[in-house]
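A.B. asks: Next come the chains, spelled out residue by residue.
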Amino acid sequence: MTAMVIDNLHKRYVDRYTGEEIVAIGDVSFSVHEGEFVSILGPSGCGKTTVLNIVAGFIEKTRGTVTVGGTEVTAPGPDRGVVFQSHALFPWKTVLGNVTFGLRMKGMDKARREQAGRDVLELVGLSGFERKYPHELSGGMQQRLGVARVLVNEPAVMLMDEPFASIDAQTRRKLQQDLTALFELRRPTVFFVTHDIEEAVFLSDRVVVLSGRPSTVRDIVEVPLPRPRNWHAAVESTDFRTTVTRIESLLSGEEAHVGDGS
Amino acid sequence: MRIAARVFAHPVVRTLGPFVPVVLLWWLIARSGIVNESFFAGPGVVWSEFIDLVRKGILPSYLSDSVTRLAYGVGFGLLLGIPLGFLVGLNRWARRLTWPVLIFFQAIADIAWLPIVIVWFGFSLTAVTFVIVYTIVFPLTLGVVAGVDQVPDELVRAARSMGASRFRVFLEVIVPGSLPAVASGIRTGLGYGWRALIAAEIIVGTSGIGFMMFDARRVGDVAEVFLGMIILGILWYALDALVLAPFEQATVERWGMVRQVETTR
Amino acid sequence: MTATAPTTTPRIGRTRRRARPSRLAAAFWFVVPFVLLLAIWAVTIAVTDTPLRTFPQVNDVVGAIGDMIASGDLARHLGASLARIGIGAAIALVTAIPFGVALGASPMLSAFFSPLLRFSVALAGIAWIPIATLWLGYGNGAVIFIVWNAMFFALTYNALLGVQQIPEQLLRAARSMGTGRIRIFWEVLLPGALPSIVTGLRIGLGYGWRGLVAAEIIATNAGLGYALFLAQSQFDTDVIVASMVIIGILWLLMDRLLLAPLERRTVERWGMKAVS
Numbered sequence: 003m004t005a006m007v008i009d010n011l012h013k014r015y016v017d018r019y020t021g022e023e024i025v026a027i028g029d030v031s032f033s034v035h036e037g038e039f040v041s042i043l044g045p046s047g048c049g050k051t052t053v054l055n056i057v058a059g060f061i062e063k064t065r066g067t068v069t070v071g072g073t074e075v076t077a078p079g080p081d082r083g084v085v086f087q088s089h090a091l092f093p094w095k096t097v098l099g100n101v102t103f104g105l106r107m108k109g110m111d112k113a114r115r116e117q118a119g120r121d122v123l124e125l126v127g128l129s130g131f132e133r134k135y136p137h138e139l140s141g142g143m144q145q146r147l148g149v150a151r152v153l154v155n156e157p158a159v160m161l162m163d164e165p166f167a168s169i170d171a172q173t174r175r176k177l178q179q180d181l182t183a184l185f186e187l188r189r190p191t192v193f194f195v196t197h198d199i200e201e202a203v204f205l206s207d208r209v210v211v212l213s214g215r216p217s218t219v220r221d222i223v224e225v226p227l228p229r230p231r232n233w234h235a236a237v238e239s240t241d242f243r244t245t246v247t248r249i250e251s252l253l254s255g256e257e258a259h260v261g262d263g264s
Numbered sequence: 008m009r010i011a012a013r014v015f016a017h018p019v020v021r022t023l024g025p026f027v028p029v030v031l032l033w034w035l036i037a038r039s040g041i042v043n044e045s046f047f048a049g050p051g052v053v054w055s056e057f058i059d060l061v062r063k064g065i066l067p068s069y070l071s072d073s074v075t076r077l078a079y080g081v082g083f084g085l086l087l088g089i090p091l092g093f094l095v096g097l098n099r100w101a102r103r104l105t106w107p108v109l110i111f112f113q114a115i116a117d118i119a120w121l122p123i124v125i126v127w128f129g130f131s132l133t134a135v136t137f138v139i140v141y142t143i144v145f146p147l148t149l150g151v152v153a154g155v156d157q158v159p160d161e162l163v164r165a166a167r168s169m170g171a172s173r174f175r176v177f178l179e180v181i182v183p184g185s186l187p188a189v190a191s192g193i194r195t196g197l198g199y200g201w202r203a204l205i206a207a208e209i210i211v212g213t214s215g216i217g218f219m220m221f222d223a224r225r226v227g228d229v230a231e232v233f234l235g236m237i238i239l240g241i242l243w244y245a246l247d248a249l250v251l252a253p254f255e256q257a258t259v260e261r262w263g264m265v266r267q268v269e270t271t272r
Numbered sequence: 427m428t429a430t431a432p433t434t435t436p437r438i439g440r441t442r443r444r445a446r447p448s449r450l451a452a453a454f455w456f457v458v459p460f461v462l463l464l465a466i467w468a469v470t471i472a473v474t475d476t477p478l479r480t481f482p483q484v485n486d487v488v489g490a491i492g493d494m495i496a497s498g499d500l501a502r503h504l505g506a507s508l509a510r511i512g513i514g515a516a517i518a519l520v521t522a523i524p525f526g527v528a529l530g531a532s533p534m535l536s537a538f539f540s541p542l543l544r545f546s547v548a549l550a551g552i553a554w555i556p557i558a559t560l561w562l563g564y565g566n567g568a569v570i571f572i573v574w575n576a577m578f579f580a581l582t583y584n585a586l587l588g589v590q591q592i593p594e595q596l597l598r599a600a601r602s603m604g605t606g607r608i609r610i611f612w613e614v615l616l617p618g619a620l621p622s623i624v625t626g627l628r629i630g631l632g633y634g635w636r637g638l639v640a641a642e643i644i645a646t647n648a649g650l651g652y653a654l655f656l657a658q659s660q661f662d663t664d665v666i667v668a669s670m671v672i673i674g675i676l677w678l679l680m681d682r683l684l685l686a687p688l689e690r691r692t693v694e695r696w697g698m699k700a701v702s
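Residue numbers (my numbering), protein chains in the order written: chain A, 3 to 264; chain B, 8 to 272; chain C, 427 to 702.
Accuracy of the hints is not assured; some may be wrong.
What the hints assert, rightly or not - Looking from chain B toward chain A, a few residues come up when the C-beta cut is under 8 Å (computed):
#	residue
1	161
2	162
3	164
4	165
5	167
6	168
7	169
8	170
9	173
10	175
11	180
12	183
13	262
As the list claims (entries may be wrong) - Anything over 10 Å on all C-beta distances counts as not near chain A; from chain B, calculated:
#	residue
14	29
15	86
16	186
17	225
18	264
Everything labelled a hint here was simulated from the structure, so no lab data went into it.
Quick caveat, the model's predicted, so the values are computed rather than measured.
Backbone N, C-alpha and C define an ideal beta-carbon position, used for all residues, glycine too.
If we strip away everything but chain A, and leave its shape as in the complex, we get:
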């Protein structure tokens, strides 16, 4: 089953300062299957976040179609949960309040949504923090909450916009590991934006590699790593290394100094 289809997506806008027209996305097509983890990777400024924002319904496309679960995307909706780089947690809501927000919008009664919230908090390792406010959590914990808040709504596709980019390197490894475990357990459909090649390969089933602006799909790379995955095994596997190298060459064939993938 296909969860999400992007077909001939094109995005143009006029720069506010210079007045010149900029083509952010040239022509992008790919699809994501149900229960699949797909990353999108490309040189910085190539418009990968723009793709995600269009899928989320935050910005309008110029041409092309985006369908999620069979219906075309026109506005933001709960079928596409977004995990933001900046976490975007509500500072005025407790951890439990944040995680049950979507369920409350659905009109679920208090007892049920709090139970569901507690369950998912346990899943991401945030049990016992229900009554805390976001600013009282560490960056890593905040992003766990960001993931939990989306996961609990069981969206058709989970959109993740460089979710670990602002987190320190060690915590990031741990979060990637935990996200993989979570994915393998729950099998949500994930569309993941990143500029970190190793992260993309480790997490994904397939990696969509974009060219520089105006972006087109350079290639879609299958990741041959078996699941369950873990970092120790991954870094030692030749499949991991060859896939990373292949994506690196795809990106560097494009332009100089890409893939500052740290």
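Chains B and C: place on chain A using the hints.
C.D. replies: Same frame as chain A, but now just chains B and C:
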């Protein structure tokens, strides 16, 4: 030494402590007789004036007049200013058509409205209330607009992508997100409203602390003028400590959001 | 705000301000609301047939301003008001900033003075009118005192806060380069506290401006506040509204020509944000 340090670190001592030497200095100056008595009243005289006015019932009744006026003004001010602020903050056309005018109305210092208001309503309570409402509405409206502007886009997007309707986004995101700026708008507005009240009471002159002070000045009763100023100061302190600060502590600070700069434009 | 999303992408979410229009469009959208306001005003007065005694028609006000210019009243009142606020503000700047910075530099002094200053800021300006007129009599002295007083406490307090917010590392850096005490004041403390001082100046000037108008109503025989008061006693609503408009324009000019450029040239240019 340790105990002394702990005593000095206590918040009550830290806040009120500095007033002790000031009162002492005040007493010394009055006592020394350097300053002419008709221009300067010592703490003792002011205190007995206080007791006297309380006993006569003048002070309690004036005080309650002033506080009631302020409360009316603030109440109406909030009722008008907050919805107006959200309207202007959220609606593009409302903003386009009103923004410069709002700035201009804010610029016409509130006191300047007093003469025309007196023409309309005479020397009455309505005139005073009108001016206070005016002083509070504009800083508050501008504060709410600033608050709406600084709600991060991502929070709105997050709420929308979790299925919140526009109205729910307003209630759950825009309103709490703009609270820091709204709180500082209320602070600024109250600061002006407070001054407007005093000025209006002096000029309209029927009752209230401002009237009391100016009336005392007319008959040359320095002690009463001093007393009025002290009462005004204490009242503001109480308002700040009992209403504004706890409100901010329970919301903005609890949520880890930064308190906003007082904006005055 | 997303740093990654292109700046102009139209949003599907709620409509939001800050489309950066051209200068001409900005000027247009600045004028339109005022034109609309004047139109509503003119039509309302005409339709409801409001007497001049209650509220003047637009052309009455224009006429009143014309008369005030012709008779020299405007120049006289304007001159008096501007001189008072100028002198009061100048004295406040000279006295408050060094005082506040000096207090802020000492943790002991700032802990001691902070509650006193907070108390005084709450009281500054108008509440001093009775005592000021008692001490200095009715006239220029009392009005200038009120302007000074209204600004002094807000400026001092904000200068103090500003100094406290200077990162310790900046002071250490300056000292490690052998900067003397006086140089530290000029090179580190004063510029470091400037964002907060500018905030204080805005607040103080706001209080001072209101204090000026109130004091002029009560205590003098010249100035815009006095013009207002005189017109009120004669029920000249056209002169009242004309004076109000002039007061509003003056404040806007003061804000745009003095405060805004000051902020642009210092705080914003240095990439610092005012915090208080």
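A.B. asks: Each hint should be assessed against the structure and marked as holding or not.
C.D. replies: Hints, verified against the model:
At about 4 Å, the closest approach between the beta carbon of residue 161 of chain B and any beta carbon in chain A falls short of 8 Å, and the interface hint on this residue holds. The restraint placing residue 162 of chain B at the interface with chain A holds, with a minimum CB-CB distance near 5 Å, inside the 8 Å limit. With a cut of 8 Å, the hint placing residue 164 of chain B at the interface with chain A holds, because the nearest CB-to-CB distance is about 5 Å. Because the beta carbon of residue 165 of chain B sits about 4 Å from the nearest beta carbon in chain A, less than 8 Å, this interface hint is met.
With a cut of 8 Å, the hint placing residue 167 of chain B at the interface with chain A holds, because the nearest CB-to-CB distance is about 4 Å. Here the hint on residue 168 of chain B is kept, as its CB sits about 5 Å from the closest CB of chain A, short of 8 Å. Residue-level restraint check for residue 169 of chain B holds (minimum Cβ-Cβ distance to chain A is 4 Å; threshold 8 Å). Evaluation of the residue 170 of chain B hint against chain A yields a held restraint, the C-beta minimum of about 3 Å falling below 8 Å.
Given the 8 Å rule on beta carbons, the hint for residue 173 of chain B is violated: about 10 Å separates it from the nearest Cβ of chain A. A hinted interface residue such as residue 175 of chain B counts as satisfied when its beta carbon comes closer than 8 Å to some beta carbon of chain A; here the least separation is about 6 Å, so the hint holds. Interface restraint check for residue 180 of chain B: the shortest CB-CB distance to chain A comes to about 7 Å, inside 8 Å, so the restraint holds. Annotation: interface hint on residue 183 of chain B holds; nearest CB of chain A at approximately 4 Å, less than 8 Å.
Because the closest C-beta pair between residue 262 of chain B and chain A is about 4 Å apart, less than 8 Å, the hint holds. Distance check for residue 29 of chain B against chain A: the nearest CB is about 38 Å away, which clears 10 Å, and the non-interface claim stands. Distance check for residue 86 of chain B against chain A: the nearest CB is about 23 Å away, which clears 10 Å, and the non-interface claim stands. Listed as outside the interface, residue 186 of chain B is inconsistent with that label: its C-beta sits roughly 7 Å from the nearest C-beta of chain A, within the 10 Å cut-off.
Every C-beta of chain A lies more than 10 Å from that of residue 225 of chain B, the closest at about 51 Å, which supports listing it as non-interface. Its closest Cβ contact with chain A, about 5 Å, brings residue 264 of chain B to no more than 10 Å, contrary to its assignment away from the interface.
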